[in-house]
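Protein chains: 2
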Amino acid sequence: MKVLLVFAHPEPRSLNGALRDIAVKELEALGHEVRVSDLYAMRWKPEVDRADFPALAPDARLKVAAASGEAFAAGALSEDVKAEQERLLWADVLILQFPLWWYSMPAILKGWVDRVYAYGFAYGVGELSDRHWGDRFGEGTLAGKRAMLIVTTGGWEEHYSTRGINGPIDDLLFPINHGILYYPGYDVLPPFVAYRVDRLDDAGFQSVAERLRERMRTLGSIPPIPYRRQNGGDYLIPSLQLRPESGDPAASGFALHRNDAAAPGRDAGSDTTANTSVCEFSRDR
Amino acid sequence: MKVLLVFAHPEPRSLNGALRDIAVKELEALGHEVRVSDLYAMRWKPEVDRADFPALAPDARLKVAAASGEAFAAGALSEDVKAEQERLLWADVLILQFPLWWYSMPAILKGWVDRVYAYGFAYGVGELSDRHWGDRFGEGTLAGKRAMLIVTTGGWEEHYSTRGINGPIDDLLFPINHGILYYPGYDVLPPFVAYRVDRLDDAGFQSVAERLRERMRTLGSIPPIPYRRQNGGDYLIPSLQLRPESGDPAASGFALHRNDAAAPGRDAGSDTTANTSVCEFSRDR
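These protein sequences, in sequence, are chains A and B. Here the first sequence is numbered in numbering that gives the first Met the number 0, starting from 0 and rising by one per residue. Here the second sequence is numbered in numbering that gives the first Met the number 0, starting from 0 and rising by one per residue.
Just so you know, these hints were derived from the structure itself, not from any lab. One should not assume that every hint holds.
Since the list gives no way to pick out one identical chain from another, each pair is judged satisfied if it fits inside one copy or across any two copies.
[As the list claims (entries may be wrong)] Quick list of in silico lysine-lysine cross-link-like pairs, DSBU-like style, CA-CA up to 35 Å:
(1) K44 <-> K24
(2) K62 <-> K81
(3) K1 <-> K44
(4) K81 <-> K1
(5) K81 <-> K44
(6) K81 <-> K144
(7) K1 <-> K144
(8) K144 <-> K44
(9) K24 <-> K144
(10) K62 <-> K44
(11) K24 <-> K62
These numbers come from a predicted model, not from an experiment.
Next up, chain A with everything else stripped away, as it sits in the complex:
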């Protein structure tokens, strides 16, 4: 397979840098072709602004979606953005790797999403009507490909558990997994999460590394999170609300948008946490 790893950490000698190297080495040993977009090393420009749309008249009001759509259609997006879009089209698997900063991705990676996900490429795709609300959430430009997150946290696994103060990790990652990866069509794999990374001793690091290698070995086979396809019949259109008869009656919030009953080889009653890769050692104190 072809794998694109988008990496967002400012220090190559960091734990994230080490995990990236381990992932790349394991993937290459398996015969996969790997490319890395190292956003800090590339000096990636994070902010969407007028400079992204060179064809926009100097005195024209910048309407981001419209400008993005026009530039994409005309092949007039900036070169850095076009290069990343080509890499996304090239790759069978996308991996986003980052430290969780303030419960989300670092700004430089958010800026990769904001800029690379152009209108006509990642959104604004397909028929928009009262019967089909665009090709998104399971359909779209990147359908048929797989994507997953590699995330590190300073906090403990318990702090991100079902009743943990930060909120459950799968809920915190839902806006990314569902809203950024599933949206343009990716099959989204369970995230790899390493907790409490500021306190890792050598044994802890080796444990995380081995878990990561194992995840890389199953990249092509592990079942994706069973999100519901927007245009698959579960949602009313155009209100895009889950039909009253769909969904686990006991479910609420983000979990409504999973159909665990339809997932092969998985208990219908499994909770979201069960699908997150957990580093067992992080339970140690």
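Since chain A is already given, all that's left is putting chain B on it; use the hints.
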């Protein structure tokens, strides 16, 4: 009161620009003192990198939290960051205003958080022990102040409703409201959300504007979201899990971290959506 509005939209002539001007004008008419941090106009640097820590030796490994804490303690953070921290200390109320891009804030605003929220300022504050897990989630440097979001979306209100495909808006905003605003101590007010803003006619705009003026008039009096204080007894320490006997047995996910029963003048059974400002016109097609 003193109000700081942090604004993150690249186009002054946008709807967001118009709403910002309306909010500022209303606040000033009420006698409040207002400052605006217009991140695009300031050419705010979004990414955390070595340049943020001038005292760091050129060959030293960058450990972000450690470097941030050392620079904050030594007064050695970059001038742009120090100026924003001073504004936060000056203001009684913080408003973050942004368009919802990919279910979160634009990169430039995330980068304001990543950089301004230094260790020792917004995190790493207070005693860290088995009885008190730092001053955060209701305590901290910014305790006693209020904060709120002003957010615009292209999508419909229904798409962000309890069963809407995007997920409930209050859940999507939880990582910001709870994880970024409540974390360093702010009392967090219900967000102001304007939906479907790409299709606003003049009547629609006037309706949003009037709702926003009303919210500005109640900035000092509206009850905050009743999040649970980390060190207030509801959580086990150090696992930081909500005690088994705490919380609505029917609640799960992010909603567990609210204590609506303790909120004055509010039904214990109110759902999160009830606390979001809703622009009624956005239901029109």
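Going through the hints against the structure:
no. : hint         : in the structure
1   : K44 <-> K24  : both (28 Å within a copy, 33 Å between copies)
2   : K62 <-> K81  : both (20 Å within a copy, 32 Å between copies)
3   : K1 <-> K44   : both (25 Å within a copy, 33 Å between copies)
4   : K81 <-> K1   : within (18 Å within a copy, 44 Å between copies)
5   : K81 <-> K44  : both (13 Å within a copy, 23 Å between copies)
6   : K81 <-> K144 : within (19 Å within a copy, 44 Å between copies)
7   : K1 <-> K144  : within (10 Å within a copy, 50 Å between copies)
8   : K144 <-> K44 : both (26 Å within a copy, 33 Å between copies)
9   : K24 <-> K144 : within (21 Å within a copy, 49 Å between copies)
10  : K62 <-> K44  : both (19 Å within a copy, 22 Å between copies)
11  : K24 <-> K62  : between (43 Å within a copy, 24 Å between copies)
Against the hints set out earlier in the document, no violation occurs for any number.
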